[in-house]
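Chain order of the listed sequences is A and B. 81 is the number that my numbering gives to position 81 of the first sequence; each next residue is one higher, with no gaps. 36 is the number that my numbering gives to position 36 of the second sequence; each next residue is one higher, with no gaps.
Honestly, I wouldn't trust all of these hints.
[Said to hold, decoys possible] With beta-carbon atoms standing in for the labels, derived distance ranges:
| # | chain 1 | residue 1 | chain 2 | residue 2 | range |
| --- | --- | --- | --- | --- | --- |
| 1 | B | ASP12 | A | ALA16 | 42 to 48 Å |
| 2 | A | GLY125 | B | SER333 | 35 to 41 Å |
| 3 | A | ALA16 | B | HIS380 | 56 to 62 Å |
[Unchecked claim] Selected chain B positions facing chain A (in silico; Cβ < 10 Å):
| # | residue |
| --- | --- |
| 4 | ALA24 |
| 5 | ALA33 |
| 6 | ASP49 |
| 7 | GLN53 |
| 8 | GLY54 |
| 9 | LYS56 |
| 10 | GLY144 |
| 11 | PRO174 |
| 12 | GLY215 |
| 13 | GLU363 |
For the record, the hints were derived by calculation from the structure and aren't laboratory data. Glycine residues also receive a C-beta, built at the ideal position from the N, C-alpha and C atoms.
2 protein chains.
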Amino acid sequence: MTSALPVPAALDDVPAAVESVLAAFFDRAVPVAADIDPQVGAAAEVVRDFVLQGGKRVRPTFAYAGWLAGRTAASGPSPADDADPGRPDSPDDSDALRVATSLELVQACALIHDDIIDRSDTRRGRMTVHRDFERRHRADGWAGDPGHHGVAAAILMGDLALAWADDLVHGHAPGDSAIGPPPRPLPAPVGRVWSSMRTEVLGGQYLDIVNEAGGDESVDAAYRVMQFKTAAYTVARPLELGATLASAPPTLISDLRSVGHDLGIAFQLRDDLLGVFGDPERTGKPSGDDLVAGKRTALLAIGLARAADRDPGVAARLRDAIGRPLTDDEVGSARAILVDVGAVDEIEQRITTLLESALATLEGAGLPSPIRAELTGFAHRIAHRST
Amino acid sequence: MTSALPVPAALDDVPAAVESVLAAFFDRAVPVAADIDPQVGAAAEVVRDFVLQGGKRVRPTFAYAGWLAGRTAASGPSPADDADPGRPDSPDDSDALRVATSLELVQACALIHDDIIDRSDTRRGRMTVHRDFERRHRADGWAGDPGHHGVAAAILMGDLALAWADDLVHGHAPGDSAIGPPPRPLPAPVGRVWSSMRTEVLGGQYLDIVNEAGGDESVDAAYRVMQFKTAAYTVARPLELGATLASAPPTLISDLRSVGHDLGIAFQLRDDLLGVFGDPERTGKPSGDDLVAGKRTALLAIGLARAADRDPGVAARLRDAIGRPLTDDEVGSARAILVDVGAVDEIEQRITTLLESALATLEGAGLPSPIRAELTGFAHRIAHRST
Chain A
1 MTSALPVPAA
11 LDDVPAAVES
21 VLAAFFDRAV
31 PVAADIDPQV
41 GAAAEVVRDF
51 VLQGGKRVRP
61 TFAYAGWLAG
71 RTAASGPSPA
81 DDADPGRPDS
91 PDDSDALRVA
101 TSLELVQACA
111 LIHDDIIDRS
121 DTRRGRMTVH
131 RDFERRHRAD
141 GWAGDPGHHG
151 VAAAILMGDL
161 ALAWADDLVH
171 GHAPGDSAIG
181 PPPRPLPAPV
191 GRVWSSMRTE
201 VLGGQYLDIV
211 NEAGGDESVD
221 AAYRVMQFKT
231 AAYTVARPLE
241 LGATLASAPP
251 TLISDLRSVG
261 HDLGIAFQLR
271 DDLLGVFGDP
281 ERTGKPSGDD
291 LVAGKRTALL
301 AIGLARAADR
311 DPGVAARLRD
321 AIGRPLTDDE
331 VGSARAILVD
341 VGAVDEIEQR
351 ITTLLESALA
361 TLEGAGLPSP
371 IRAELTGFAH
381 RIAHRST
Chain B
1 MTSALPVPAA
11 LDDVPAAVES
21 VLAAFFDRAV
31 PVAADIDPQV
41 GAAAEVVRDF
51 VLQGGKRVRP
61 TFAYAGWLAG
71 RTAASGPSPA
81 DDADPGRPDS
91 PDDSDALRVA
101 TSLELVQACA
111 LIHDDIIDRS
121 DTRRGRMTVH
131 RDFERRHRAD
141 GWAGDPGHHG
151 VAAAILMGDL
161 ALAWADDLVH
171 GHAPGDSAIG
181 PPPRPLPAPV
191 GRVWSSMRTE
201 VLGGQYLDIV
211 NEAGGDESVD
221 AAYRVMQFKT
231 AAYTVARPLE
241 LGATLASAPP
251 TLISDLRSVG
261 HDLGIAFQLR
271 DDLLGVFGDP
281 ERTGKPSGDD
291 LVAGKRTALL
301 AIGLARAADR
311 DPGVAARLRD
321 AIGRPLTDDE
331 VGSARAILVD
341 VGAVDEIEQR
351 ITTLLESALA
361 TLEGAGLPSP
371 IRAELTGFAH
381 RIAHRST
């Protein structure tokens, strides 16, 4: 189904290409849902709009970067060993684009379900999916608890996104039974990366809620969540997914995983800073959102540890600003503590160190200049983004 | 990973064989989860225990029946067209068993999430998964709302079961990177059945909650939910999945879908009767469970329509017994109305007609005697089960 779509020539072109594949996917999937019942079609449109309306497409971009890097360095057995003998050629750019795009459907499930778990009302400046279903329930004057209905509908639509992610990565779209070239089966090593990634992100999300409930404020706990929920899922596994599809040599895959780990942690540390200090106009999230939500980030863990070393009263004031609604003054005061105790500087320093480590690994990976330069530029943008 | 496991010789042996595959899968998956963090390992054990502790394994049995029927009648292009050239043989019994078993992991997700949606406290006589996580939260004296934590944890563990279903159907287990024969890629036509089935069941579940919220009491609405949530998902698609894996001829696949539709509706109608009249000791559900839960079943739709025809007061009394806690006397009174207005007779008659239709299609499908006899016996048991 993706054979006729334009493939990206450079990493900057990946988000637009991914959105084309997503649009083509939903052009198939929504009518199939509507054939079950118009109500189901309308719900599938909610998922479609959620997926198409935004996001930085970071994961597909890393996956496509892994593909480009792996392709330039490919050696060893051909991935066609696992492919349909009817299409004896190796995976091509359109296969890589399709696999990369599938990550956005996993992410749709993760976000829809995370927003239920975090009780979030908005995302990207819009109503979250469960709140949207709750609003529809009220608007239609239905029976029962609108809030519970919204959660129930969003659980099911998140599940649908996760099922569709697996369909797309394997080359299926719902109802796609007769048109287009036969889907090329995913090479087994790619399937294993896909499998590991999904278990890791769900395990990381679970660990996140357990740490929060268990009150584990340690930096170690925050790092463990980052390692699985973000670093592996957002950067390392996507890079590996693309490189594995390209049958990259094991040394390159190992280098890309190391780059992915460093950049993934840097990505999350930047996210931590944006979650407290970010501009709501740019991030689409309320001011001080992570404080209000009570997220156990590394920034807060370091801030609490440093504040406790200095003055238990300061630590108590910071802790008091975690996990409850805050006035602008209270957000400002918590921010000042994080700056004063040096937590912000420490996070910035860690980001710099991680970025340097990633760039050094990239430098030594023996990649040809164009893709190395692209990855270097992308790494800088990931570490220093403001949205 | 399943190559060393015993394959079932007859349909009656399928549940035990499925449980062996599930146990082998969790022997791999739980340590992988525990490697993320012991807390994640403990949560994976909750999923494992939920999956292994019970269930009739109806869906895998139908899938394996489809495989056996398809294999005896196979013709046309070999499914090995899509298979790994390193394993040039066609799918074998162990592949069929693995594909059939994957359905139990889809079902685990469906049940875990359904129990959140239905706010159910027990299933199969045990605490539901979200209630179990809620209990653990309380026992550990964690912070926050135990009920919300239970829901959050169960959402994520249901997601994990769904992701694992896709891993298993494609021949992967988490962390399975080096041992066993290389997984045989799923033939593309099987992948399409798998894809359709997941969209249908999630669409059917969504339609179910919408009908309930929208107060659609019609028999049509109840049938539409049955068609997708039960008939397709529980019987028709599993039969088709197995038969497609066996490269059965299209006429047989079409016959099996017809059988599946009839038996699937009969299965759900029997479920409707058990949900109101079932013995709690045998069903593991409280007496009159569907009444209390307010399920919009065909039994209730027909009961309400017939009661309204006869006497609006009777219809009002029946409607009053739907969707709230009931005393034993109130359950008894609602049961009496359903019997008196003839709704129970009508459902029994419909089950008989559907069973006859399924058996006639089976008779005409040209299957050899052993598998035809097995399927016939299984059809009778499905239509007349008491648990």
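Verification of the supplied hints:
Judged by the Cβ atoms, the range 42 to 48 Å given for ASP12/B and ALA16/A is violated: they are separated by roughly 55 Å. For GLY125/A and SER333/B, the hinted distance range of 35 to 41 Å is not satisfied, since their beta carbons lie about 53 Å from each other. Checked against the hint of 56 to 62 Å, the pair ALA16/A and HIS380/B passes, with Cβ atoms roughly 57 Å apart. Because the closest C-beta pair between ALA24/B and chain A is about 16 Å apart, greater than 10 Å, the hint is violated.
Proximity of ALA33/B to chain A holds as hinted, the smallest CB-CB distance being about 6 Å (cut-off 10 Å). For ASP49/B, the interface hint is violated, since its Cβ never comes within 10 Å of a Cβ in chain A; the closest pair sits about 16 Å apart. The restraint placing GLN53/B at the interface with chain A is violated, with a minimum CB-CB distance near 21 Å, outside the 10 Å limit. With its C-beta approaching chain A no nearer than about 22 Å, GLY54/B sits outside the 10 Å limit, and its interface hint is violated.
For LYS56/B, the suggested interface contact is broken, since its CB lies about 23 Å from the closest CB of chain A, more than 10 Å. Given the 10 Å rule on beta carbons, the hint for GLY144/B holds: about 5 Å separates it from the nearest Cβ of chain A. Interface restraint check: PRO174/B against chain A, minimum CB-CB distance 5 Å, threshold 10 Å, status holds. Taking 10 Å as the C-beta contact cut-off toward chain A, the hint placing GLY215/B at the interface holds, the least distance being around 5 Å.
For the restraint placing GLU363/B at the interface with chain A, the shortest Cβ-Cβ distance is roughly 28 Å, beyond the 10 Å limit, so the hint is violated.
The structure shown violates the earlier hints numbered 1, 2, 4, 6, 7, 8, 9 and 13.
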